[in-house]
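Given the structure of chain A, go ahead and fit chain B onto it with the hints provided.
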Amino acid sequence: MLTIPTRADVVRQARERGERVAAVLPIHYPRALLRAHGFQPMEVWGPPRVSVVEGNAHFQAYTCGIVRNATSFLMQGGLDAADVVVVPHTCDALQGMASVLKDFIKPRQPVATIYLPRAVRAVDRGFLAAELRRLAQQLAEIYGLRPSDAELLAAIEREDEADRELRFLAEHRGDIALGDRDYFTLLRAREFLPAESFVEVARSAPRGQAPGGGVPLMISGIVPEPMELFDHINAMGAHVVADDLACCSRRLYRPSGASDPFQRMADSLIDAPLDPTRGSPILERARNVSRRIAECGAKGLLVYDVKFCEPELFDVPLLRKHLTAEGISMLHVEFDMTGSIAQQTLTRIEAFVEMLQ
Amino acid sequence: MNPKDYLAYTLGYQLLGKSYLSWQRHSDERAIKALRPAADDPLNPPLVGTARMKELMSRHYLEGRYANGVRKVAWVTSGAPIEVLRALDFFLIYPENHAALCGARRHAEGLCVEAENAGYSRDICSYARTDIGSALSGRTPMGKLPRPDLLLCCTNICQTVLYWYRVLAAHFNVPLYVVDAPFLYDKASDHQLDYVLEQIEGLIPVAEKVAGKRVSRERLQEIMEQGKSCAELWLTIMDRAQHRPSPITAFDGFINMGPIVDLRGEPETFAFYTELLGEIDRRIDNGVGAIRNERKRVLWDNLPVWYKIGKLSRHLGAKGVNVVVSTYTYAWGELAPMMDAADPMRSSARVYLHPILNRSTGDKLRSMREMVAKFQLDGAILHSDRSCKPYSLGQIDQRDNLANDLEVPAVLLEADHSDPRVYSDEQADARLDAFIETMEAA
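Heads up: the protein sequence lines correspond to chains A and B, in order.
Using the numbering used here, the first residue of the first sequence is number 1, and each one after it goes up by one.
Using the numbering used here, the first residue of the second sequence is number 1001, and each one after it goes up by one.
In case anyone wonders, no lab produced these hints; they're calculated from the structure.
Calculated lysine-lysine pairs in the BS3-like style (CA-CA distance at most 27 angstroms, straight line):
#1 B:1054 with B:1144
#2 A:321 with B:1144
#3 B:1187 with A:106
Pulled from the structure, derived: some chain A residues nowhere near chain B, Cβ distances all over 10 angstroms:
#4 172
#5 254
#6 290
Idealized CB from N, CA, C, for every residue including glycine.
Only chain A is shown next, with the shape it has when bound in the complex (with noise of 0.2 angstroms):
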């Protein structure tokens, strides 16, 4: 049995190591950065299942689901723990809240905000490099920790080690003898422990076959919440093999080469996994998508989207057109954040493994 520290473990950590908490909103940011900082990150992807009655009080009914979730939870004292909030620009929604964060709700905790190139031309990389010292400075003004160029590097080292157990984990899912759900919780835990102890954890997963059997499926999406999702697909006789999840495979960030501490982060961001978000060219993505599926032996792809999230909504049908030119059968499913899954949305992936049997 996998052991992972909870939320509340690695905030009481990081107080004892005397470090502060950043509460982080989806999906790309410069973890090492924020180490460095002395600012243990913690995502937030929602969450799932909370009263959104504030976040309704400032976001309109179509606005994306993480928006009024994480807003609800922010107002509600769930983020209480956090010292900073940041908000990476990764579409209209969370750039709408990060907006209406620092001129209306006005939390406790100061808002920092992060703007992620759509392009990756040198020009891009660049200005992602010295946004990430716009960032640094702003960090250094809410903590007063200035790291040298020399402790830049060392948190970024550690990230990256974190970040290739990520990778080894995704690209050995067969080799990883978790089911789907704890395999997916063991991945997202990455998006709250600190990287050594992602290492560590990340080491101890049990190695041998997979266990599944059925219909092997490849899910892509923002985040497979509420996670049950895979107790209700493996009960259907089918498995998860490979994922182009935001939150999981689409940040497998790679090293970078360069020299300067904040190139070296902005490449890795602008050098992640392909990514409607971030621009990517969609036929690129449906390619690699495809080739990914080959390579997995999925017999389809799962496409589980949050509601009203543009970004994803634009590729479905090039994704899809592509795809089914390629013999692979693709479905896509809308959830809310705000329940559990609604039972048309099982019965919909539950005949989409059926016709895959």
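Relative to the frame of chain A, chain B by itself:
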């Protein structure tokens, strides 16, 4: 240049098309002048200049039908830095404006359905669905849109345009150049400005390669000067709404904004707005308002509900409510002071970093509060547009702030700028009526 295409362009557009549209404009002007509104009509006759706007826009789209093979074509977002493309004589298509025209002419729903049938969700922007539906089906009320040779997308209005243009790039298999504009939560910093500047400079070789010619700095400066003149003129027109009664409504602004978006900087656009300003000033001199009995003056926030412009203006006008100004139309003029032809590249970077949609929710509230004072407004209608999330997110707090801090009644009107399927006349009327009652009581 293909001789056959050139012949068709000369005959269909230059000779026959332009002449016909000129005749049509004279005919429309006579019809508007002859209008005698019914005694119970709350609106005064429309601006005669609207006929010229119709001619300009029709000519633009007519030229587009014949442009392939004669001029290089670029499809661009409404906030894209087009000066470089204009200096290289690209013919420009604005898919957002095309979608708005489809919405106003009630063609958007059918085109949205085309996109939805191809798998595009109803939850994505209706402008995008309209244009994707048009690209997939080849249908458009404009007859035909020219195929692009280049796509230019600037993220200073939303991220949606990036997703949308990626679809277009895959569909047309043409280059997509992205000018990424970092969102301004606070005051713009040097690295943000430099980033936009470098990208605009990077556009030059890309556009030159497609155009097959070099851009001249003199031409670029000339275009910047023309653009600034047009934007200043547009702002002057919008500011005329400070008069009581206001000679124009925000709906007039929506109807007449096509040239400042699609043809900004063109000499004919400047001539059109000069003529329009003259007509507006004559209204002021004669004490003529856009509506007959202006009792309350309000602000419109966000894009219009294109398919309900007439209905809304009459419904509000009948109750003495004049929507005199909008944050949306104002946005096309307010950055004019930033334009500097002596430094076209850097001033372009500054301008294209600062559209209202790329500024914070608090900054938009500041703009709205300034408008309330400047235009002596009694209330604000905030169109909560489910197709435009960057414009709409923040409106709940903006409304509360206007109502509570400024004591200006404000209402959220749930709708969509182009898709009529999410609009309910009854609900909208009831909401607006309750808002008017609140204003009356204030």
